[in-house]
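Protein chains in written order, with numbering that gives the first Met the number 0: chain A, 0 to 276; chain B, 0 to 311; chain C, 0 to 333.
Think of the hints as simulated: they come from the structure by calculation, not from any bench.
Please note that the accuracy of each hint is not assured.
[What the hints assert, rightly or not] Quick list of in silico lysine-lysine cross-link-like pairs, DSSO-like style, CA-CA up to 30 Å: (1) C:247 / A:164; (2) C:237 / A:168; (3) C:181 / C:73; (4) A:164 / C:181; (5) A:264 / B:212; (6) B:212 / A:11; (7) C:73 / A:168; (8) C:129 / A:106; (9) A:186 / C:73.
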Amino acid sequence: MAIVAQHSKFSKIAMPVLAWVVALIFFFPIFYMLLTSFKTDADAVKPEFLFSFTPTLENYTNMTDNYDYWRFASNSVITSVSATIFALVVGVPCAYAMAFDPSRGTKDILMWMLSTKMLPAAAVLYPMIFLTKSIGLFDTHFLVIMVLSLINLPIVIWMLFTYFKDIPKDIIEAGKMDGLNTWGEIKEILIPLAWGGIASTALLTFIFCWNEAYWTVRLTTIDAATLSKLIEGNRAPEGLFFGRLSAVSTAAVGPIVVLGWFCQKQLVQGLTFGAVK
Amino acid sequence: MSNRTIPRLLQTPAVLLLLFWMLVPLGMTLFFSFIRYFLNNTRRPEWTSPSIDNWRGFGNYQYVWNQDAFWLAIQNSLLIVCSILFLTVALGIAIAVLINRSFPGRGIVRVLLISPFFVMPAVNAVLWINMLLDPVLGLQGIAVANINDVILGLRDAPLVGGFFSLWPKFEPISFRATQTSAYAVIMMVTWQWTPFAVLIFMTSLQSEDQQQKEAAVLDGAGAWSQFRFLTLPHLGRPIAIVVMIQAIFHLSLYAEIEIVSRGNGNKNLPYYIGELVNNNIGAASATGIFAVILANIVAIFLLRMVGKTLME
Amino acid sequence: MGRIVLENVSKSFGDTQVIPPLSLTIEDGEFAVFVGPSGCGKSTLLRLIAGLEEVSGGSIVIDGTEVADVPPAKRGLAMVFQSYALYPHMTVRKNIAFPLRMAKMTQSDIDARVNQAASVLNLNDYLERKPGQLSGGQRQRVAIGRAIVREPSAFLFDEPLSNLDAALRVGMRMEILELHNKLETTMIYVTHDQVEAMTMANKIVVLRAGVIEQVGSPLELYRSPRNKFVASFIGSPKMNIFEGDEAKKHNAHSIGIRPEHIDVVKSNGEWQGTVGVAEHLGSDTFFHIHNTGLSEILTVRAIGDVNLRNGDTIHLNPRADDFHRFDEKGLRIT
Ligand SMILES: Nc1ncnc2c1ncn2[C@@H]1O[C@H](COP(=O)(O)OP(=O)(O)O)[C@@H](O)[C@H]1O
Ligand SMILES: [Mg+2]
Numbered sequence: 000m001a002i003v004a005q006h007s008k009f010s011k012i013a014m015p016v017l018a019w020v021v022a023l024i025f026f027f028p029i030f031y032m033l034l035t036s037f038k039t040d041a042d043a044v045k046p047e048f049l050f051s052f053t054p055t056l057e058n059y060t061n062m063t064d065n066y067d068y069w070r071f072a073s074n075s076v077i078t079s080v081s082a083t084i085f086a087l088v089v090g091v092p093c094a095y096a097m098a099f100d101p102s103r104g105t106k107d108i109l110m111w112m113l114s115t116k117m118l119p120a121a122a123v124l125y126p127m128i129f130l131t132k133s134i135g136l137f138d139t140h141f142l143v144i145m146v147l148s149l150i151n152l153p154i155v156i157w158m159l160f161t162y163f164k165d166i167p168k169d170i171i172e173a174g175k176m177d178g179l180n181t182w183g184e185i186k187e188i189l190i191p192l193a194w195g196g197i198a199s200t201a202l203l204t205f206i207f208c209w210n211e212a213y214w215t216v217r218l219t220t221i222d223a224a225t226l227s228k229l230i231e232g233n234r235a236p237e238g239l240f241f242g243r244l245s246a247v248s249t250a251a252v253g254p255i256v257v258l259g260w261f262c263q264k265q266l267v268q269g270l271t272f273g274a275v276k
Numbered sequence: 000m001s002n003r004t005i006p007r008l009l010q011t012p013a014v015l016l017l018l019f020w021m022l023v024p025l026g027m028t029l030f031f032s033f034i035r036y037f038l039n040n041t042r043r044p045e046w047t048s049p050s051i052d053n054w055r056g057f058g059n060y061q062y063v064w065n066q067d068a069f070w071l072a073i074q075n076s077l078l079i080v081c082s083i084l085f086l087t088v089a090l091g092i093a094i095a096v097l098i099n100r101s102f103p104g105r106g107i108v109r110v111l112l113i114s115p116f117f118v119m120p121a122v123n124a125v126l127w128i129n130m131l132l133d134p135v136l137g138l139q140g141i142a143v144a145n146i147n148d149v150i151l152g153l154r155d156a157p158l159v160g161g162f163f164s165l166w167p168k169f170e171p172i173s174f175r176a177t178q179t180s181a182y183a184v185i186m187m188v189t190w191q192w193t194p195f196a197v198l199i200f201m202t203s204l205q206s207e208d209q210q211q212k213e214a215a216v217l218d219g220a221g222a223w224s225q226f227r228f229l230t231l232p233h234l235g236r237p238i239a240i241v242v243m244i245q246a247i248f249h250l251s252l253y254a255e256i257e258i259v260s261r262g263n264g265n266k267n268l269p270y271y272i273g274e275l276v277n278n279n280i281g282a283a284s285a286t287g288i289f290a291v292i293l294a295n296i297v298a299i300f301l302l303r304m305v306g307k308t309l310m311e
Numbered sequence: 000m001g002r003i004v005l006e007n008v009s010k011s012f013g014d015t016q017v018i019p020p021l022s023l024t025i026e027d028g029e030f031a032v033f034v035g036p037s038g039c040g041k042s043t044l045l046r047l048i049a050g051l052e053e054v055s056g057g058s059i060v061i062d063g064t065e066v067a068d069v070p071p072a073k074r075g076l077a078m079v080f081q082s083y084a085l086y087p088h089m090t091v092r093k094n095i096a097f098p099l100r101m102a103k104m105t106q107s108d109i110d111a112r113v114n115q116a117a118s119v120l121n122l123n124d125y126l127e128r129k130p131g132q133l134s135g136g137q138r139q140r141v142a143i144g145r146a147i148v149r150e151p152s153a154f155l156f157d158e159p160l161s162n163l164d165a166a167l168r169v170g171m172r173m174e175i176l177e178l179h180n181k182l183e184t185t186m187i188y189v190t191h192d193q194v195e196a197m198t199m200a201n202k203i204v205v206l207r208a209g210v211i212e213q214v215g216s217p218l219e220l221y222r223s224p225r226n227k228f229v230a231s232f233i234g235s236p237k238m239n240i241f242e243g244d245e246a247k248k249h250n251a252h253s254i255g256i257r258p259e260h261i262d263v264v265k266s267n268g269e270w271q272g273t274v275g276v277a278e279h280l281g282s283d284t285f286f287h288i289h290n291t292g293l294s295e296i297l298t299v300r301a302i303g304d305v306n307l308r309n310g311d312t313i314h315l316n317p318r319a320d321d322f323h324r325f326d327e328k329g330l331r332i333t
């Protein structure tokens, strides 16, 4: 512990203080949004009411009238949950095979999958609009679900792959010796053992789906429009609606931010594909 | 025993889906990029349907290549991505080092710091451009107005009044305007992604070899030398990963650009394509192919750099 | 029953042939040990028998049935892995019961067999624990328990003791041997440790680079190694092998003599040299001897404590009957 002795007063007191200051600065916009959501639209733009005001819940109670919030929210829930489930259903078997029965091409397939993430979405925007309109899928839940799960599939497979790789191959082989078939191996061994990893993959995928703001904006109009579309489509001319806009924004991000707090650790492993431990 | 068929079968759905997802729309884009194809064209109605008869060869590419707006979009794309990368990595390292050692309330600091990452981009943009950066009603406007008031008050003060009367009146900046909207985008995305960099660098710092550091102390290394010669190299791989992942996300920024300037400000490549799609599909597709080429250049570079470390 | 016949079995991973065609028969009830340096293909061979790898050529016949199309679980074999490969999310009881559950046995049969296995292996007190709460030796026993409940026609062990500390290893060695005596079931045991092979096997199969160098009982291998590789692999300390004049005297390209077949004498030995390192173990003394005029440093094992130190001159008499002679290809000359 030679290092401890070297720490100056500066690092003992100033660094934590600085850390707190930085953290508060970073959190401030969210806090400010939360605060504004309890102001009336009129109060929200008056500097004298910046921090002291009479809080009101009217922005939240009027959310349905003002924005039809629940419709968009339920679309977000339906599409994000379904897309997450679908991506897992396709991704788990694939990652399982890659982790436990790797062939020579496995590495290349994984890299190729990752590279599909780099394909700029804008490049295929018109074909997507064209295709989906011509087969009647434009602005449907099904379309949004498929697109969301496909754009997240590479990351899902990568994350699962890194989790599965940590499971000793011997255990799967012991299962084979004991009479498990492939489905049995997945159900009896893989899923119970990788439960934590699968859950955090699901959580992250859900968050990504929820926050997605390209395809959900461009491939929907009303029926399947999600919260991203709702917020994106909302202009706030001259700050007329800061209060209600803050409320609907808070409602859109609140649950996800809280969910995110619980999967920080998994976020690191997941997004760095296990390369940073 | 069909040792190989079952693993193949398990991978097939994922591979086919992604293959379809990648090839079909991309193939169409490629096709459209070689034909004249407009959504509305009263003069030449035959151009409003995608047909091989409207073949234009590399004409669309040439057209796009000669557009200033195209080059501006590329410039903006690179400006935005590179600025964000630089800022997030620099801030990320600084903050990660700052909170690396334990102190009272570190857990809460972490939670506060990570929160912006989970805010949906649309909300991020709406929040920043309206409530924070609006030149009149946002915090920026309020702050500038207050500063001006304070200066105004100080002008009448004895002694220093003369000094303050030399000061100009501050003007708030409108970030919705052409020349500044990119900075607003850079700001808000940096706010959102710095937490991600912090999280990854912090995780990596935790695994730094403490004995190595102690040895360095015994060798007489100061805090800066330790950082420069031990910590920074240790962060090499996480930095590469942070850069790669962010590049993937930020090359396709869209919602932020749209919300900040509604088409009046700096446009990046995806936004430019989005505008062309409203009518000139041929040009939009050619631009799309350029975007793919650009992404591939970046991707090859990044995957080379990171790919090996990922596979161990 | 548990007669396992390999005929021209070969295995390649991609373009690299790990096991060239090889034939071998393991009789029912035998304790066969595959031994060889690490990377020589022992595990691969075992996994081919188990069905965890597909053969690239040849056939494997277990009790008269060609098993190429039989999945691992249906081959009537049980395997104990080096890492034990216990299911960490199941209790010991569930671990042991697992293969029986997979075989769709009734619950009462399962319980009976699990309890019986648990008492044989002294695991009764641990049945409700998870593997994570057990010591290495206990985990090993659970892994064996999971194997024996299946009442397989043969057991396959892949370096089962290499994760245990030295003392425990000797104990477990005895337990496995006792199990073999009791069950009289065929066992195939893979190890890189020739001591384990010598102490446990009825039949040792020495492998090098996927090729069987020799098959035989421990003493056959010790007494008449077929080539220089087996000669130096079996026995500890290693056999002294040298070429040159001394070998020519015996009409051979090279000759070998085991350290325990050289007697230390007071004077006038056939060989003499200077003691380098001397290892005094009490029961034995190992000398490493320089300046003998032979082509290699000589290792000698003397019984009891012989009081010679570094730098002392030592006189030696090799026992003439115990020389092993090898030709240019390293093969034994009889
Ligand atoms: N799945 C595999 N793919 C490619 N090569 C392998 C595989 N399994 C084993 N090998 C190679 O086969 C050789 C023998 O391995 P193994 O049977 O594990 O040796 P041992 O158990 O004797 O130490 C080694 O060179 C190893 O690298
Ligand atoms: Mg092995």
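We went through each hint and held it up to the structure:
| no. | hint | result |
| --- | --- | --- |
| 1 | C:247 / A:164 | violated (57 Å) |
| 2 | C:237 / A:168 | violated (36 Å) |
| 3 | C:181 / C:73 | holds (24 Å) |
| 4 | A:164 / C:181 | violated (39 Å) |
| 5 | A:264 / B:212 | holds (25 Å) |
| 6 | B:212 / A:11 | holds (18 Å) |
| 7 | C:73 / A:168 | holds (20 Å) |
| 8 | C:129 / A:106 | violated (35 Å) |
| 9 | A:186 / C:73 | holds (20 Å) |
Violated hints, listed in ascending order, are 1, 2, 4 and 8; each of the other numbered hints is respected by the structure.
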